[in-house]
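There are 2 protein chains.
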Amino acid sequence: MASQAIARTGRPLSPLPLAAVVIDDHFWSPKRDVVRSRTLPQQEEQMRKGGQFEALKLAWKAGEPEPHIFWESDVAKWIEAASHCLATSPDPELEAAVDEAIELLDGAQQEDGYLNVYFTVVRPGDRFTDLRDGHELYCAGHLIEAGVAHYQATGKTSLLGIVRRYADLIATTFSPGGPCEGGYDGHPEIELALVKLYRATGERRYLELSHQLITNRGRQPFYFDIELERRGNEGYFAGFFPQRPEQVQRFREYNQSHKPVAIQDKAVGHSVRAVYMYSALTDLAAEYGDTELAKACDVLWENLTNKKLYITGGIGSNHSIEGFGPDYDLPNEDAYAETCAAIGLVQWAQRMANTRHDGRYIDVLERALYNGVLSGASADGTRYFYGNPLASSGNVHRQEWFGVACCPPNLARLLSELGRYAYSLGSNEALINLFIAGTARFTLDVGDITLRQITDYPRHGKTEIIVSTPQAAEFTLSVRIPSWSKPTVTLNGLPLDITGVRNGYLSLTRTWDDGDTVSLDLNLAPRRTWANPNIASTTGKVALAWGPLVYCLEGVDHNVPVRSITLPRSSELRAVADDRTGAVTLHAAATALSPSHDGELYPTSPPDAKPVALTAVPYFSWANRGQADMTVWIHETGLHT
Amino acid sequence: MASQAIARTGRPLSPLPLAAVVIDDHFWSPKRDVVRSRTLPQQEEQMRKGGQFEALKLAWKAGEPEPHIFWESDVAKWIEAASHCLATSPDPELEAAVDEAIELLDGAQQEDGYLNVYFTVVRPGDRFTDLRDGHELYCAGHLIEAGVAHYQATGKTSLLGIVRRYADLIATTFSPGGPCEGGYDGHPEIELALVKLYRATGERRYLELSHQLITNRGRQPFYFDIELERRGNEGYFAGFFPQRPEQVQRFREYNQSHKPVAIQDKAVGHSVRAVYMYSALTDLAAEYGDTELAKACDVLWENLTNKKLYITGGIGSNHSIEGFGPDYDLPNEDAYAETCAAIGLVQWAQRMANTRHDGRYIDVLERALYNGVLSGASADGTRYFYGNPLASSGNVHRQEWFGVACCPPNLARLLSELGRYAYSLGSNEALINLFIAGTARFTLDVGDITLRQITDYPRHGKTEIIVSTPQAAEFTLSVRIPSWSKPTVTLNGLPLDITGVRNGYLSLTRTWDDGDTVSLDLNLAPRRTWANPNIASTTGKVALAWGPLVYCLEGVDHNVPVRSITLPRSSELRAVADDRTGAVTLHAAATALSPSHDGELYPTSPPDAKPVALTAVPYFSWANRGQADMTVWIHETGLHT
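Those protein sequences? They're chains A and B, same order as listed.
All residue numbers for the first sequence refer to my numbering, where the first residue is 1 and numbers rise by one.
All residue numbers for the second sequence refer to my numbering, where the first residue is 1 and numbers rise by one.
Pulled out of the complex, with its shape left as it was, chain A reads as follows (with noise of 0.2 angstroms):
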């Protein structure tokens, strides 16, 4: 599909606002009702708490501990987040709070527009000195989506303002001839939001920074050598690679600045860092029509997606990094998994998909986004995973907030923006992306046209689309169709052949009356999904899975340890769905290995195999009923006769 890709030169696919898609489902609201009644304050308390606010009144004197050199991210992510909620569902408590925070970043800035609390106390002299491991301009990323995500969300230009200053002056800083000419972050993040503040204020400029950072980054002379020899010490990070040869090399793979962006071929290093260089190479390709950075996302997206992602969605398995490992390096019980990854990974996806106006890449969101991405919070929404491995003894659990909490806040950015994924829009096109109960509103060149999913989606693969249109109205709606799935779709009650669905979309062009339903059936049944043999950590297994959701087995369902579970080939899977919880859980006789010989270690005659009834859950939800052990993949037997 990479290969079509570039040649297609089609206006990308924009997300709506916020405030016209309205999310009423079963599964998602609860979730996003966390977000606003539990994350948030968490996270607002653990800032109070923690220094964040208190930071930006620069009262910070020596001797006393250091504010973190990435607190801004936090206090910026907390608003964003917020910002998403308001622009839903008005709460003047919360927008009060919001306020606060602008007023407390506000009276941080500088005169000339600077904003970071680290080099503006604790380090005054050394403001861009350490690009590569100083975190300012990631910081300064955050503030500007946050800035960006409140002017939409409230029409105030508070923090768009003092973003935009800070954007000015560094602009200025990283132009021709200024301190930082040449340079780049060592933690992308920047760049993405710069393309956000172009879009939002229609200024090129800030585009045109953005463009400026991806393009020198990987070019050499290395600037992070130009800047340490300069600095004439070692970075915030130093000790962090060895100075060996091999280890420079994986420190620069570690922030993705080893080569120029548009000959970058593989997933490396940090995977967060990774995915959100990524997001910005792939708008930047669509906005400036460049064939060869679309390449490189093409490449980048095969090389991740068909060697380095897990089956929940989860990159970048490699503890020490926090990122990638080599091709099909993919441990189970030793994934990393971040969730802030997996969630980098939904915005890259969205991204691909809608300048490639291609569904397929929303399969990859979506499998990330139910499984890797959702697993990282509790099923209360008060307790986080900041990896998310894929298989454990039972020493695995979720805790109420981190030393470095990028993870709790990023989840909460992302659900409640939900709707942003959920549809799309393309020239007179209405694309729904994901199946969740609720409406949407698309003003096209026909009017207004306003979609309502009625759907019990993933428990079910029953989804209807009703179209209300003041009139009858001439435009295409395109219906994702799950590439695991084997739909049958009606229009208003007639079967409608669907062998046209090509991208991953069935695109319905026609004239739309009001009232007229489109609907769609996945027929969910539970499956099975085997994992490519280069996988060492699989090979043998198999994975069950329901709708876009992954299983696992968890040892509370079980009184066998589940890695002793081995599934026959022949046995049948059966779903069930929990009249209480609503889940749907998958069933099948299978057989457990236990030890023959009393606690000998290698015996000579095999372990027993003893019938074992088989019960998976939705990966997102485990451990949620105490400690347990758990696998998603599953020995599996009966390979062959």
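Since no wrong hints were added, every one of them can be taken at face value.
Label-pair distances were calculated between CB atoms; the ranges are:
no.	chain 1	residue 1	chain 2	residue 2	range
1	B	199	A	604	35 to 45 angstroms
2	B	495	A	574	52 to 62 angstroms
3	A	110	B	232	40 to 50 angstroms
4	A	605	B	93	51 to 61 angstroms
5	B	495	A	604	17 to 27 angstroms
6	B	610	A	625	39 to 49 angstroms
7	A	112	B	604	55 to 65 angstroms
8	A	605	B	199	41 to 51 angstroms
If the Cβ cut is set under 8 angstroms, some of the chain B residues that face chain A in the computed set are:
no.	residue
9	305
10	533
11	536
12	601
13	604
Since the hints were derived computationally from the structure, they do not count as laboratory data.
Glycine is no exception: its CB is placed at the ideal position from the N, C-alpha and C atoms.
With chain A fixed as given, assemble chain B onto it according to the hints.
The following block gives chain B in isolation, referenced to the frame of chain A:
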């Protein structure tokens, strides 16, 4: 077997003196020749180049590279291995080189007996102030072992005198009122060495010093805390374990000082430290008739062999501490399984066998010796593994030498004293532990007896044992019967009833005539071994074995990745002896999984299974035919119907 062992109070069995054993064996003799012709010269060269010899001249000046804190152990292990060689094969040139090294040690020894270069020239004031990390007693232990071996091989007391003077200084230093009262070492080794010194000299004070070091260990207040406070600065390895409480505990476990030795019940920490300590503990429990210490040995043995032992006899799965993980934590590709640790296990198993009079400990000794120890060296004896993984994707290979070169000389020590492991001597009882062609001379109450083994083990399972005695003599001949074997035995051609095998030995008490012949056939056949399902990494897998040898699949014998191979349980195993090398390879019809959808990471149809001819080779011999992937554990299908 543990609970019975404590009750047994007979005098421990002894190894035979090296000079009493002649090894002339198709399997072992070439490996031992390599020790003499390659390993010893290579190590000598490394020490001449590396500075170990030069440093003994005490000419180090500030600013020069520092001598390493355990260089004496390198010199000592080389002298010990060389002495073992000299014990059976006079070699004036080698003896002269050893004498030269001993002269250097003599010159380095201080007036008061102290002998350690680092703490003489680099930090002269810091003798015995950093027992936890300083390795002084560890080096002293290896020097003592060398001194004893040199004396026993040559009758010379040159080195024995040196180490006795040093041991006497240590005894004074650690005596009541001495500067190190209550202290003990951070790396056990001297304890077992002092037992040897006691046995060689008859001086009980060396035994008592060993007992004192062992029983001080782990008492509260912790000596390493006391010395830390007294010293006022961090130890040599400060920072290896951060100062957090759980890491402080982990550091104590690392060097087995977390609690008194008598109540230690889990094999924890650095695995070489552990098995060296357990070896001394076993000696001391027997020497003192201390049932509490003996019980600790039994409990530790049970834990190690039933929960922490690789099928190869390797121990210590955890890279970061070069040591033990939790129970059943035995990953294959990530196995550390240091060669030295397997060697230490051989040493400990011998002591357990000889104090418990139980050949089943030799089963573990043999498992380690023929697999996880032997894998440590290449077929030509010139390259070495430090860690011995049980699976590899092809990126593992032996190296010529190491910065910390403990393993190669340790392997040289073991192979050159193999005779001490092959036989044991009891009260009017001669015991055969290992099947190795050659002769052994026992002096029993009834006179001198010579046993000759004619065998082609492990290629074949037949061993003829021929008794030579000047006159008819009543004594017990005990022949070890491996637990995995299905033996048949004849005496002078007449079948023997072997239902009376107890404690792993077939014991024949009778009046033996010259030429009496016991013919043992272990009836070798390829066998499958399974792992306790509590081990996560081996669930659903099987390993193959032939006699004492564990087998593996190597990429070089297959045109598919070995991890993709699945062996049906019903598939017959065939053994083929290679005409050229004499090695037995195992063969079976198997299948290999291959990607069904080119490149797809998670296909919804299963991988294709195609027939493949499986070839398994002895684990110890892997990585001798170029770099390739390897696995000991093979996916199994047909586990149940």
